[in-house]
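**Q** Here is what each chain is made of, one letter per residue.
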Amino acid sequence: MTLAALVGLAAGWELIGQLDVSMFVPPLSRVVATSWHLLGDGTLTRAAASSLLSLVKGFVPAVGLGVVVGLAMGRFAVVRYALDGWINALMSAPLSALVPILIALFGVRDTVVAAAVFMFSFFVIVVNTSTGVRSTERSLVDMARAFGAGEAALFGRIYLPAALPAIMLGLRLGVVQAVKGMVVGEMLISLVGLGERLIYYGNTFLITELYAVILLVLVLALLAGSLAQACDRALVRWK
Amino acid sequence: MPAPETDRRPTAADPVAITVEGVSKAFGAVQALVEVDVRVRAGEFLSLIGPSGCGKTTLLKIIAGLVPADRGRVRVGDRVVAGPGRECSVVFQDFALLPWTSVQRNVEFGLLLRGMDGRERAARARAAIAKVGLGGFESAYPAQLSGGMQQRVGLARALAVSPRVLLMDEPFASIDEQTRRVFQDDLLRLWSEERKTVVLVTHSMEEAIYLSDRVVVLSPRPGRIHQTLEVPLPRPRESADVRATAEFARLVDGLWKVLRKLQ
Chain W
1 MTLAALVGLA AGWELIGQLD VSMFVPPLSR VVATSWHLLG DGTLTRAAAS
51 SLLSLVKGFV PAVGLGVVVG LAMGRFAVVR YALDGWINAL MSAPLSALVP
101 ILIALFGVRD TVVAAAVFMF SFFVIVVNTS TGVRSTERSL VDMARAFGAG
151 EAALFGRIYL PAALPAIMLG LRLGVVQAVK GMVVGEMLIS LVGLGERLIY
201 YGNTFLITEL YAVILLVLVL ALLAGSLAQA CDRALVRWK
Chain U
240 MPAPETDRRP TAADPVAITV EGVSKAFGAV QALVEVDVRV RAGEFLSLIG
290 PSGCGKTTLL KIIAGLVPAD RGRVRVGDRV VAGPGRECSV VFQDFALLPW
340 TSVQRNVEFG LLLRGMDGRE RAARARAAIA KVGLGGFESA YPAQLSGGMQ
390 QRVGLARALA VSPRVLLMDE PFASIDEQTR RVFQDDLLRL WSEERKTVVL
440 VTHSMEEAIY LSDRVVVLSP RPGRIHQTLE VPLPRPRESA DVRATAEFAR
490 LVDGLWKVLR KLQ
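Protein chains in written order, with my numbering: chain W, 1 to 239; chain U, 240 to 502.
Keep in mind the hints are simulated off the structure, nothing from the lab.
A quick note: this is a predicted structure, and the numbers were derived from the prediction, not measured.
Don't be surprised by glycine CBs; every beta carbon is placed ideally from N, CA and C.
Be careful, since some hints might not be right.
Here's a subset of chain W near chain U, in silico, CB distances under 10 Å, partners left out [as the list claims (entries may be wrong)]:
#, residue
1, V21
2, K57
3, L140
4, V141
5, D142
6, M143
7, F147
8, I158
9, P161
10, R233
11, K239
Next up, chain W with everything else stripped away, as it sits in the complex (with noise of 0.2 Å):
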């Protein structure tokens, strides 16, 4: 079904293109024969690692905070009640509008894309661990105590994995708010990667070599969440 509706968008794609209704609609045959141009003579392999260097520095992070802080948020009030408000805010402000700030801390260097993709992901990350945390049975907490496990073995033998699911879910989510973060780091603040090169097909009107790359950003989220989603597959075989 999925592939079917990829196929006719695809297919009317093609037609509009070679209708030639506007020269901001190239057929989509050139646009993938020039993806594949541009990967061949390296300007997009390079642009693509530098990316893809900057997803995994800040998403890693973004990972491993992110599912600590949830941690501890789902399990103890007081950590929930200093931070709820924060990451709320920040979940559902504009992100964009804190790359003033960003620049501030980190300058316009590499790093600064890293930081972005980090803050892009990180909270929805925090919030599904949590609330993973938080939807865990009672009565296997109350299971666990009763043989006597102390918080160590709580954490370890029934919050974590009870939270499990909820936190891959998180790092779906994630990874894709990641590769978000990467190309508004890279458009406007760093130019560098992938977004330097959307920004330069842009102003030049280059506009087929412009979808290729949107096209190979569309590619890189679907093989990102692909790879988080076999993750959750590998981890959670219960469910």
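Got chain W; can you put chain U on it based on the hints?
**A** Below, chain U without anything else, positioned relative to chain W:
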């Protein structure tokens, strides 16, 4: 208090009994239990019954050390309860199985938390699984089992740590009637073999009469001991057709007359 006519009457020499003295508990403005006194003899099968809101589950959790009492004191054996202890195992109404792992690992869980090494743990768990009649299901996951089988896993996990006291919180409430009757007989058989002290919370009058030596009736809001009934039915009950006897019917009816006034 005369001992019931059983083939395995508890003796004063048994080291573990439960003493509940003047226990009160409130949740916010709601008084759950007031001045509750209960003595459970070692090896006795005792049921707590009463309308919902009578605090019977709260009392069980206080005995288990899961909920602190506001006033009063609970002793299990020589130990004054200040938290969960090694003498007690709890069986939960919703089974409380870890859904992410196998029957074997679930039954090992209590042994794992008490620091037993892997090989002995596996052997003890397998023995407990066989004892409750689930041999062959070690690698199944809880979701693959029926409710009755899941509760057998819960019972195996409780028995695996060799507790002297078994605390059961409406263990048969979410199991269908036919399965329940077979399970009750198996529980009685295990109990007579292992000589545990059992405290069972239930809302089923038939269940309380069929299983127990004594039935403690709690009144609701606030929860107090209303009355204690002896169940002089002969044991073993699981082989004889006790449920069909006039005496059984008379005892259930007597319990109903007590409970009806509390509704």
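**Q** A separate judgement is required for each hint: does it hold in the structure or not?
**A** Status of the hints after comparison with the structure:
1. V21: This interface hint is violated because 54 Å lies over the 10 Å limit.
2. K57: violated (32 Å)
3. L140: holds (5 Å)
4. V141: Interface hint status for V141/W: holds (9 Å vs cutoff 10 Å).
5. D142: For D142/W, the interface hint holds, since the closest Cβ of chain U sits about 5 Å away, which is under 10 Å.
6. M143: holds (4 Å)
7. F147: holds (4 Å)
8. I158: holds (8 Å)
9. P161: holds (5 Å)
10. R233: violated (14 Å)
11. K239: Since chain U brings a Cβ to about 8 Å from K239/W, closer than 10 Å, the hint holds.
The structure fails to meet hints 1, 2, 10 from the earlier list, while all remaining hints are met.
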